[in-house]
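Participant: Going down the list, the protein sequences come from chains A and B.
For the first sequence, UniProt numbering gives the first residue as 1, with consecutive numbering after it.
For the second sequence, UniProt numbering gives the first residue as 1, with consecutive numbering after it.
Fair warning: there could be bad hints in the mix.
[What the hints assert, rightly or not] Calculated cross-link-like contacts (lysine to aspartate or glutamate; reagent style DMTMM-like; alpha-carbon spacing at most 25 Å):
(1) A:Lys142 - B:Asp337
(2) A:Lys142 - B:Glu252
(3) B:Lys58 - B:Asp83
(4) A:Lys183 - B:Glu252
(5) A:Lys183 - B:Asp90
(6) B:Lys258 - A:Glu133
(7) A:Lys80 - B:Glu252
(8) A:Lys185 - B:Glu243
(9) B:Lys49 - B:Asp90
(10) A:Lys209 - A:Glu147
(11) A:Lys185 - B:Glu252
(12) A:Lys183 - B:Glu243
(13) B:Lys258 - A:Glu110
(14) B:Lys258 - B:Glu243
(15) A:Lys310 - A:Glu55
(16) A:Lys183 - A:Asp126
Keep in mind that the hints were calculated from the coordinates and are not lab data.
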Amino acid sequence: MTTANRNASGNGDGEPILSVRDLRVWYGTAKGAAQAVDRVSLDIAPGEAVGLVGESGCGKSTLGRALMGLTPQSAAHDGKIIYRGQDVLAMTRRQRHALRGPEIGLIFQEPMTRLNPLMRIDDHFDETVRAHEPGLSRAEIKRRSLETLGHVGIPPTRFHQYPHEFSGGMRQRIMIALALVLKPKLLIADEPTTSLDVLVEAQILRLLKDLQTEFGTALLMITHNLGIVAEACDRMAVMYAGRVAEDGEVGSVFANPGHPYTRELLRSTISLSTKQLSHIPGSPPNLVTPPDGCRFHPRCPDAMQVCAQKVPVATHPRPGQRVYCWRHGPDDRIPDGGEQPLQQEFDHVDEA
Amino acid sequence: MASQTTSLRAYALSRLVLAVPMILILLSFVFLLMRVAPGDPVAAALGGKVSQEVLERKRAAMGLDEPIYVQFADYISDVFTLDFGMTITDNRPVLEVILNNGAATLELVFFAMVIATTLGILLGLITGRLRDTPIDVTGRLFGIFVYATPVFFLGFLGQLIFGAGLNWLPASGRASPMVQYTLERTTNLLVLDAIIAGNWTALWDVVRHLIMPATTLGLLITGVLLRMVRVNLLQTLQGDYVEAARARGVSEPRVVYKHAFRNALVPVVTMIGLQFALMMSGAILTETTFNWPGLGNQLVRYLNNRDYTGVQGIITFFAVVVVLISVVIDFVNAWIDPRVRY
Numbered sequence: 001m002t003t004a005n006r007n008a009s010g011n012g013d014g015e016p017i018l019s020v021r022d023l024r025v026w027y028g029t030a031k032g033a034a035q036a037v038d039r040v041s042l043d044i045a046p047g048e049a050v051g052l053v054g055e056s057g058c059g060k061s062t063l064g065r066a067l068m069g070l071t072p073q074s075a076a077h078d079g080k081i082i083y084r085g086q087d088v089l090a091m092t093r094r095q096r097h098a099l100r101g102p103e104i105g106l107i108f109q110e111p112m113t114r115l116n117p118l119m120r121i122d123d124h125f126d127e128t129v130r131a132h133e134p135g136l137s138r139a140e141i142k143r144r145s146l147e148t149l150g151h152v153g154i155p156p157t158r159f160h161q162y163p164h165e166f167s168g169g170m171r172q173r174i175m176i177a178l179a180l181v182l183k184p185k186l187l188i189a190d191e192p193t194t195s196l197d198v199l200v201e202a203q204i205l206r207l208l209k210d211l212q213t214e215f216g217t218a219l220l221m222i223t224h225n226l227g228i229v230a231e232a233c234d235r236m237a238v239m240y241a242g243r244v245a246e247d248g249e250v251g252s253v254f255a256n257p258g259h260p261y262t263r264e265l266l267r268s269t270i271s272l273s274t275k276q277l278s279h280i281p282g283s284p285p286n287l288v289t290p291p292d293g294c295r296f297h298p299r300c301p302d303a304m305q306v307c308a309q310k311v312p313v314a315t316h317p318r319p320g321q322r323v324y325c326w327r328h329g330p331d332d333r334i335p336d337g338g339e340q341p342l343q344q345e346f347d348h349v350d351e352a
Numbered sequence: 001m002a003s004q005t006t007s008l009r010a011y012a013l014s015r016l017v018l019a020v021p022m023i024l025i026l027l028s029f030v031f032l033l034m035r036v037a038p039g040d041p042v043a044a045a046l047g048g049k050v051s052q053e054v055l056e057r058k059r060a061a062m063g064l065d066e067p068i069y070v071q072f073a074d075y076i077s078d079v080f081t082l083d084f085g086m087t088i089t090d091n092r093p094v095l096e097v098i099l100n101n102g103a104a105t106l107e108l109v110f111f112a113m114v115i116a117t118t119l120g121i122l123l124g125l126i127t128g129r130l131r132d133t134p135i136d137v138t139g140r141l142f143g144i145f146v147y148a149t150p151v152f153f154l155g156f157l158g159q160l161i162f163g164a165g166l167n168w169l170p171a172s173g174r175a176s177p178m179v180q181y182t183l184e185r186t187t188n189l190l191v192l193d194a195i196i197a198g199n200w201t202a203l204w205d206v207v208r209h210l211i212m213p214a215t216t217l218g219l220l221i222t223g224v225l226l227r228m229v230r231v232n233l234l235q236t237l238q239g240d241y242v243e244a245a246r247a248r249g250v251s252e253p254r255v256v257y258k259h260a261f262r263n264a265l266v267p268v269v270t271m272i273g274l275q276f277a278l279m280m281s282g283a284i285l286t287e288t289t290f291n292w293p294g295l296g297n298q299l300v301r302y303l304n305n306r307d308y309t310g311v312q313g314i315i316t317f318f319a320v321v322v323v324l325i326s327v328v329i330d331f332v333n334a335w336i337d338p339r340v341r342y
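With the hints as extra help, turn the sequences into a complete structure.
Facilitator: Right, here's the structure in full:
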């Protein structure tokens, strides 16, 4: 995917709809503060599809929640999330409610438990639309809801049914319709197909793609499935242990992964040519006491002395691609002897 | 919509039908327990007071000389025709005892339940919303205190303070003698009777008599309900659909009440039903403490006097009431939670 392609799918006017600057989110735990998101910066352009990938527990979902101010009360945060010129984290309660839904929509990983079991589907729609457009008539809400449900393939005859009368795939489509009925400008999809079977997965992905082209909705696709990113996204960001390791155009990252973590992730995906399953030894670090320097260095096959000492800075090995890895320099920031390989033993016992 | 109501009706019907074998099983237990108790009931109740000949006649009149299966069949058919026989010690129809004293118990338990549900759910909601604040801690301590304190102790305390000490409330009985004998009885539920008669002085008198026993009994359940509502609310507030509703920008009060609170109450309804049955036994202590002329009080008297028919009749009544309550609770549950109907 090239820059031209990206401009074709997005508006490409350069002004991001959402821009995250040095965002940090940490949870208080019994053992200390866990840095779930650590100094993340990220831009999403209008109409653009961005994939956010990484292993489980690396802060993807926390980041997704934080973008709409949905972190739990026990979490603290720092940095800026600018949505169309306004800082989400500085918003009043009222502004935040207005943001959630009509501006930023969120689709969750497990659709089975996301609908209130005591409420009919029509009640869910009624409540959602009314929360943002209180003056709307019942008939108008119904018309709009049925139209959106039609888009995702739920027939109007099932409008008055309860959640337990639907399958997982249908519930996920209802959740998508519930997000879409408010016509959000940015849709955050947090592993929307992880708990569904492959056929339903393909349906849902096509649906999200269609919506993007039809309504110009920007999409942040949180996933650990690189195949989905290749298929549905224009740009991607790779997260490791709360930090962005690398981001850039999907095609360019896939062709030339700049960060050893991205490379290993790509190597561990399965395709028809796979002869031997590859994995990254070790598991993601504890976020309460993460390793010094580059957080990936204990698992990195290319680790150098400097990686264990200093936090890597952003480098741009190719236009539009940003990599946080000392192997790309900058050389003047690496201390003498820092390029010597780091002697380390991989812990093969608790491999991920 | 139409299919929904039909399925709800079908569910209610199937529950009602299922209640019949349930009642039969319970009745068999009652029957067996009464027979397992050692000694001859007639001799136990009247032994030494009347001649052997009278004892024999009494036995034959009660059918106790019949084989056990005939006695069982008689018992079952008597229950279904609401013929519980006469008590042995005071020779009253058991049905009359049940209707009179049962109304007193029902009135007491009903108002206790109103107090318990109102206080329990309200305090549960408040403590759950204000989690880990001093109000929450105080509320939880109050819950443990009222749950752990025996009914008679709380009752005596109330009688001492509000009855003997401050003289605000009557310490015992259902009504003052004046009201007791002049109020026209239609339902034997005195609050209802006073309203029907339009007798407001009597109503005030009856309510004043009700306050202490109903509160004492109600507080016992309040503690249980408070803790249950609180824990359920904390759980539903963490729920997936609650987060999803927030993500759609639904207002916080609506998220709390419509999603978290309402869903937290589903298991509480079942709990209330179970507690209702427990209250029937809790009522025995309360009735004794407050000299409340209820069924529990009467049961204790018949037990002490070994009045076999009296005890059997009252226990049968309790058993049937418990079954009926469970049917009602099943129905309410199905009405609130659509998943139950399938």
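Participant: Determine for every hint whether it applies to the structure shown.
Facilitator: Evaluation of the provided hints:
no., hint, verdict
1, A:Lys142 - B:Asp337, "holds (24 Å)"
2, A:Lys142 - B:Glu252, "holds (24 Å)"
3, B:Lys58 - B:Asp83, "holds (17 Å)"
4, A:Lys183 - B:Glu252, "holds (21 Å)"
5, A:Lys183 - B:Asp90, "violated (78 Å)"
6, B:Lys258 - A:Glu133, "holds (19 Å)"
7, A:Lys80 - B:Glu252, "holds (24 Å)"
8, A:Lys185 - B:Glu243, "holds (20 Å)"
9, B:Lys49 - B:Asp90, "holds (14 Å)"
10, A:Lys209 - A:Glu147, "holds (18 Å)"
11, A:Lys185 - B:Glu252, "holds (23 Å)"
12, A:Lys183 - B:Glu243, "holds (19 Å)"
13, B:Lys258 - A:Glu110, "holds (21 Å)"
14, B:Lys258 - B:Glu243, "holds (13 Å)"
15, A:Lys310 - A:Glu55, "holds (23 Å)"
16, A:Lys183 - A:Asp126, "holds (15 Å)"
Hint 5 from the list above is the single one not met by this structure.
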